[in-house]
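Novice: Now for the letters of each chain:
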Amino acid sequence: MQLARVVGTVVATKKHPKFEGAKLLLVQPTTVDDQPRGVPLLAVDSVGAGVSERVLIVIEGRAAGEALGRKGAPVDAAVSGIVDRVDVTE
Amino acid sequence: MCPTDMQLAKVIGDVVVTRKDENLTGVTLLVLQPLAADGSPIGRTLVAVDAVGAGVGETVFFVRGKEASFPFYPTEVPTDAGVVGIVDHWDLG
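Heads up: the sequence lines are chains Y and L, in that order. Per the numbering used here, the very first residue in the first sequence carries number 71; after that it's consecutive. Per the numbering used here, the very first residue in the second sequence carries number 2; after that it's consecutive.
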């Protein structure tokens, strides 16, 4: 799983039927120091995250499909939690 | 380095997440720094679920992919990485 910041929301009218009702977020993966790392990606949201919030994202198809509540959905990433705190000791 | 290999890592922190997928309830989330064979940090840090009771400062091995949720079966924990062992030591031939 990766730490990320929600940087936007994505609206798509024409999409695969399995995406009906899904909330799509644009998230920027970050380091533990909250610095951007790599390119932004799309993730389905099942926890009610909003723009600028720090979140935990899971990049694995089956888990992402479960977050969406349906099997066989063509997704590979999901927001699985809203981060309160990251404690790093070194 | 194949992204699905089991790898060595050091636990460098933890993550507190209150609002989350219900299947993450009660699961400890650890920040891992993957290690090279000589013990030096290599690659990106990541967050993994803990299946063995590992803590900060310990050297562990972890698995990536859907297999990371297998220790919690039948609960389908939404994760792509999981700590599955605490390393006592390793030797290079």
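Among these hints, one or two may not hold up.
With the Cβ distance kept under 8 Å, some of the chain Y side facing chain L (calculated, not the full set) [to be verified]:
| id | residue |
| --- | --- |
| 1 | Val128 |
| 2 | Lys141 |
| 3 | Gly151 |
Keep in mind the hints are simulated off the structure, nothing from the lab. Quick reminder that beta carbons are idealized off the backbone N, C-alpha and C, glycines included.
Novice: Would you mind marking each hint as holding or not holding in the structure?
Specialist: Hints and how they fare:
1. Val128: holds, 5 Å
2. Lys141: violated, 11 Å
3. Gly151: With a closest approach of 3 Å, the Gly151/Y hint holds.
Violated hint: 2 only; the structure is consistent with all others.
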